[in-house]
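Peer 1: Read off the chains here:
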Amino acid sequence: MGRAMRSENSKQDIFFPAILRDGRILQGIAQILFVLIVAVVMNDLGTRINSALESTNQSPNFEFLQNRAGFDLADSGSYSSNDRYIDAFRVGFVNTLRVVLIGLLASTVLGILVGIFLLNRNFLLRTLSRIYVEILRNTPVLLQIIAWYFIAIFSLPQQQEAIAFPQEGIRSLPLLQYALSLFLIVLLWQLTGNLRSQLWRSRLRQLGIALLLLVNLLGIVVVGSGTPIEFRPGIYISIKGVAIFELIPSAHFGVWALFVVLGVIVALALWRYYGYITEATGKPAPRSRYAAMTVIGFTLFGWLIVGMRPTPPEIPVYDDGRDSIVEMEYDEAFASGMLTIEQELTHTRQPLLFRPPSLDRRGRNVETGIEISPPYLAVFLGLVIYTSAFIAEIVRAGIQAVPKGQLEAARAVGLSQSDTLRLIILPQALRVIIPPLGNQFLNLSKNSSLAIAVSYTDIYQVTYTIINQSGQSVTGIVMVLLSYLLISLCIALIMNLVNQRFQLVTR
Amino acid sequence: MQDQGNQMMPGDEPIIICREMNKWFGDFHVLRNISLEVMPREVLVIIGPSGSGKSTLIRCINRLEEHQDGTIIVNGIELSHDVQNIAEIRRETGMVFQQFNLFPHLTVMDNITLAPMKVRHWARERAEQRAMELLERVEIPEQAFKYPGQLSGGQQQRVAIARALAMEPKIMLFDEPTSALDPEMIKEVLDVMKELAVTGMTMLVVTHEMGFAREVADRIIFMDMGYIVEEGPPENFFSPEIVHHPRTQEFLDQIL
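Line by line, the protein sequences are chains A and B.
Mapping to this note's numbering: the first sequence position 108 is 108, numbers consecutive.
Mapping to this note's numbering: the second sequence position 64 is 64, numbers consecutive.
Just so you know, the hints here were simulated from the structure itself, not pulled from any lab data.
The reader is advised that the hints may include incorrect statements.
[Unchecked claim] Here are some chain A residues the structure puts well away from chain B; computed CB gaps all over 12 Å:
hint, residue
1, F183
2, I277
3, Q406
4, T420
[As the list claims (entries may be wrong)] If the Cβ cut is set under 10 Å, some of the chain B residues that face chain A in the computed set are:
hint, residue
5, F100
6, L114
7, V119
8, P148
None of these values were measured; they are calculated from a predicted model.
The C-beta atom is built at its ideal place from N, Cα and C for all residues, glycine as well.
Please put together the full structure from these sequences, using the hints given.
Peer 2: Spelled out as structure tokens, the structure:
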């Protein structure tokens, strides 16, 4: 029987020689055919598009990018309609990055928080976060962005009645003095915490607090009696968006920055030193707290020392009322508001100068400060809140994916709750969380193109305008595609690197 | 019954005391009126059909499960909702699980040194020295810097025993330590446990290894439906002349 079958097969060899029955060869042929078909179709498509574009005088090129744009853009910084197309394109690219980068950060933080709430023992918290997730991930993100836009437009007051924070009229408090006092109390508690004698500990603490109170009272009565400074609002919220104060480095910024850098260096050294001590002796040390206190201490004392410079000499200022230049003490001139920004920056005793957002009562754009427009807010909130719902589910699943036995083993050897979470659960949960988290990051960056729905000037919206004006549709679309590709590849690259760090070693 | 625990010293207090202990999983009554005393250096083997509550019993002793009624006193400390008491008891009891439960993201060395450093506040040098001693005791010092995923089941369970011993516990709880192992790996784990019993460790062992029970146990407990049905020294337990409770006899007939 077997023999007969084989001879029948060999008869067919005339039509299908052995070489054509080799699976590897067949696969090779199939692949070559596939590539050929794709190439032919693409080529045909390319020629058709090209000839169509040529007939309407729209052949793809990059020269038009140097032409004058001629349109205005919101959220565009120093860009004006006299700039070139390429400048407009750059504005769009930067605006997309503004949404994507800050959005990634915010949605991750929010998502992790909600994800942990989803597993919380508290029924109310767990249920509310579940409702949050279910509503947000089951409605289209486009609608959510538009909803945020309308919420912003309809709920916020006109610019003339902007919500101000803090309210106008509040006098300046000796904030630095309070911050320093608080810091010294915490420091005192830390330092006396190691004392064996209960009596001495409480005595030292009482003495320290008494001294601080005395100094503070003296400060308010004697020093604080100088010119009260009006505390102008730092944040305005209106239909025009959110305007936030700016901090401008003054002439003494460098000295203060030196203190901060020094503080960070000392803190890092302390961190490492106590890490080493813990390894060598086993004695635990709250080294994160020490490091944080060092940085805060250097920052505050640096500010104090910079502020203790001798009073600046009399400054010539232009007096509106008398229409002439007069000499004035800095504090007096500052209080009267007659200083130019340059004068403030050189003569102030603060390392950072607080520039409140100046509200133009005619309803025009804000002059100083950082401005966040309603479209940006809508896109940002829409994307962040939508994505956070997915990230929350990923975080919850990741934590639940750690086998229960791991928790039991950690408890059985006596690890504390926080050590168990930090050293056992989290490293294993991250392994599961990171790949799908990367997907959500990519989703957020690509979903940012929905900004066009609320006219936020992102890369797609700007390019759309450029295409309409110049007719260079192919070039424009390719540029947008490449921009998104660039952003996505960067995110993917970073997430892959992070992912490699958390893989388990087996075999 | 009186000759139990031949290594027992006169005047010793029981290290584990359970009185009238009850536990429910929802409506299911898993542990019923469990009263039990374990002396220091005693090896207690708990046998019984699955679902009889033997694992739950030893998991109650280090509070992996919460008992709802009765008292448990371990090493003189009463188990209650007091978290400090729970932490103290967990420091003094080591546990070995059926599924090993090694930390897969840490090396063997880090698995063993983690708790002594974090909980007992040992210096790394001391913890690592102790870990190497223990790895030599369980005969796998050469695996110290591998990850659990790179070891065989038997090796993993021996690391798990070393990890529990690194905390220098007074009591060791074994929850079916050989049930997930290939037959040829069972022996290497049982050998380590035998050696541990000889050195005078207080051990509570849930197992189906009757050979081990016969050879090493000072006392055997048979559990069924959440009750302790019968207890006695292994000589009595496996002797054909002794008349057993019918349920015990049924179980013994099936496995022997």
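Peer 1: It remains to establish, for every hint, whether it holds in the given structure.
Peer 2: Here is what the structure says about each hint:
At roughly 29 Å from the closest C-beta of chain B, the C-beta of A:F183 stays outside 12 Å, upholding its exclusion from the interface. A beta-carbon of chain B is positioned within 12 Å of the beta-carbon of A:I277; the least distance is around 10 Å. Distance check for A:Q406 against chain B: the nearest CB is about 6 Å away, which does not clear 12 Å, and the non-interface claim fails. The Cβ of A:T420 does not lie farther than 12 Å from every Cβ of chain B; its closest approach is about 10 Å, which violates its non-interface assignment.
Taking 10 Å as the C-beta contact cut-off toward chain A, the hint placing B:F100 at the interface holds, the least distance being around 8 Å. Interface hint at B:L114: satisfied, since its Cβ lies 7 Å from the closest Cβ of chain A, which is below the 10 Å cut-off. This hint holds: B:V119 has a C-beta 4 Å from the nearest C-beta of chain A, less than the 10 Å allowed. A distance limit of 10 Å between C-beta atoms decides the matter here; for B:P148 the minimum to chain A is near 9 Å, and the interface restraint holds.
The structure is inconsistent with the numbered hints 2, 3, 4, although it conforms to all the rest.
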